Amino acid sequence: MDEGSRMAYEIVINLIIREGHLRSYFTEYFLSFAQARIVTDRETGSSKRIGFVDFNSEENAKAVKEAMEDGEIDRNKVTLDWAKLKGEDELGFSCALFTHLEFMENHKNVTEFVFMGLWENRQVELLFFLLFLLCYLAVLMGNTVILLTVNYSHLIEQPMYYFLCHLSLMDLCYTSTVVPRLIKDLAAATKNISYNECMTQLFTAHLLAGVEIFILVSMALDRYVAIVKPLHYMAIMNRKKCNMLIVMAWVVGFWHSIALLLMVLSLPFCGPNHINHYLCDVKPLLKLVCKDIHVVSILVIANSGMVVVAIFLVLVASYILILYNLRTRSSAGRRKALSTCSSHVMVVVLFFVPCIYTYVLPAGSENKDKEISVFYTVIAPMLNPLIYTLRNTEMKSAMRKVWSQMSHSELK
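Going by this note's numbering, the sequence shown wraps up at 403, each residue one higher than the last.
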C-alpha cells in the first residue's frame, strides 16, 4: 500500500469517526467496492488531491488501524472536498469497512488525557500558579473559619447557619477536587491525567456541585419560610426537616452525577486525547468522542443545563415572593430581612450565572468557556465566606466569641 493511499484511507476513516452524523449519507452508497477522491488541508489549508483509494482491502484496514494508533495523522485537520464528489466519485463503503469502523468506535484506546490548561504562555501560567495557590489557601481558611464558628457557637441551632455550615463544607470539598490539580498543572510542563482519574474527577465534581446547588435551594426555602411564615418558622424548619433536606441534596446530587458518569463511560475515546480545559468536564470530553454524540449532547443538556436553569428560576421566584411579602413590613423589618437575603442572592448569582453560560448557552469559544468556569470552581468558593460574614453582624459577633474562647483555653 503506497503512502498516499494509506494516508487517504486513514483520513476517510478519521472523518467518519469524527463526523458520525454523516454515516446515514454514506449508507445510501453501500456498494461492494468503493473509491473516493480525498483532499486535505493539513499544512496550508488549501485542497490537495491525494488520489483514488480502494476501500475493500482488509490488509489496508489493518495498516490504517496501526497508523491511527501511532497518532501519525491529525484527524482535526482533515476534510473532504464534497463539491468534487460527482458521479463515479461518490462515496460507497463495503461491509468490511463498516465492520472496521464499528470496531474502532467501540474500542477505547485512550488510557490518559492531556489538559491544555488555561493559557499557553508559560510565564502567565507561573504567575497564575501563585495566584490560584493564594486563592485556594483563602478558600481553606475562610470556609474553615465558618465551620468552626458555626459549630462552636449557638448559631448551629439556627437552620440558616446549619445550611451555611454544609455549604462551606461543600465549597471546601468541591474546590479541593479541582484546584489542587489545577495548581499542580500550572507548575508542570506536562498535564497528563489517567482515564480513571479523569472519570473520578468528573463524578466527584458534579456530585459536590449538585449537592451544593440543592443546599442553596434549602437556604432559599429557609429564608422564604422565615419571612413569609415567621410564626410557623421553627415548626416548619425543625432539625429533622433540615436533615431531610441535606439527605435529599446528597441523593439528588448522586443521581445527577452517576447518570452523567454512565453516559460518558459508554462513549468511545479513540484519540486525540487533548482536553481543551483544566479539568475533566463533560463538554470538553464530548469533543473527543469518536462517534455521533447528538443524542448524548441532548441528554447532557437536560441533565446539567436545564436542571440548573429550572433551579435558578425557582430561586428567583422564591425571592420575588419574598419581596412581595416585604411590602407590608416596616422599613426596619425590610432592612433586616433584605440583609440576610442579599448574601444568599449574591452567592446564587456567582454560582448559577457561570454554570448557565457553560452548560446551557450555545457552544462558543472554548477558551472563554474554561475562563468562565473559574468563577464557580475558584472565585465563588473563595468569596462565599466573605459574603456571609462581612455584612452579617450575628456571624461576626459569634466569630469574636469563639476565637476569644479558643484563645483563653490555649492560655490556660
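Hint data in this document are derived by calculation from the structure and do not stem from the laboratory. The reader is advised that the hints may include incorrect statements.
Unchecked claim - DSSO-like mimics (lysine-lysine), calculated; alpha carbons at most 30 Å apart, straight line:
id	residue 1	residue 2
1	K359	K232
2	K274	K175
3	K231	K220
4	K182	K327
5	K327	K175
6	K359	K231
7	K274	K327
Bear in mind that the values here come from a model prediction, so they are computed numbers and not experimental data.
Results of checking the hints against the structure:
1. Simply put, K359 and K232 have alpha-carbon atoms about 41 Å apart, too far for the 30 Å limit, and the pair is violated.
2. At roughly 22 Å between alpha-carbon atoms, K274 and K175 fall within 30 Å of each other, so this suggested pair holds.
3. Under the criterion of a C-alpha separation no larger than 30 Å, the hint pairing K231 with K220 is consistent with the structure, at around 18 Å.
4. With a C-alpha separation of about 49 Å, the suggested pair K182 and K327 falls outside the 30 Å cut-off, and the hint is violated.
5. For the suggested pair K327 and K175, the alpha carbons sit about 44 Å apart, so the restraint of at most 30 Å is broken.
6. Proposed proximity of K359 and K231 is contradicted: the alpha carbons are some 43 Å apart, above 30 Å.
7. Restraint check for K274 and K327: not satisfied, since their Cα atoms lie roughly 42 Å apart, outside the 30 Å limit.
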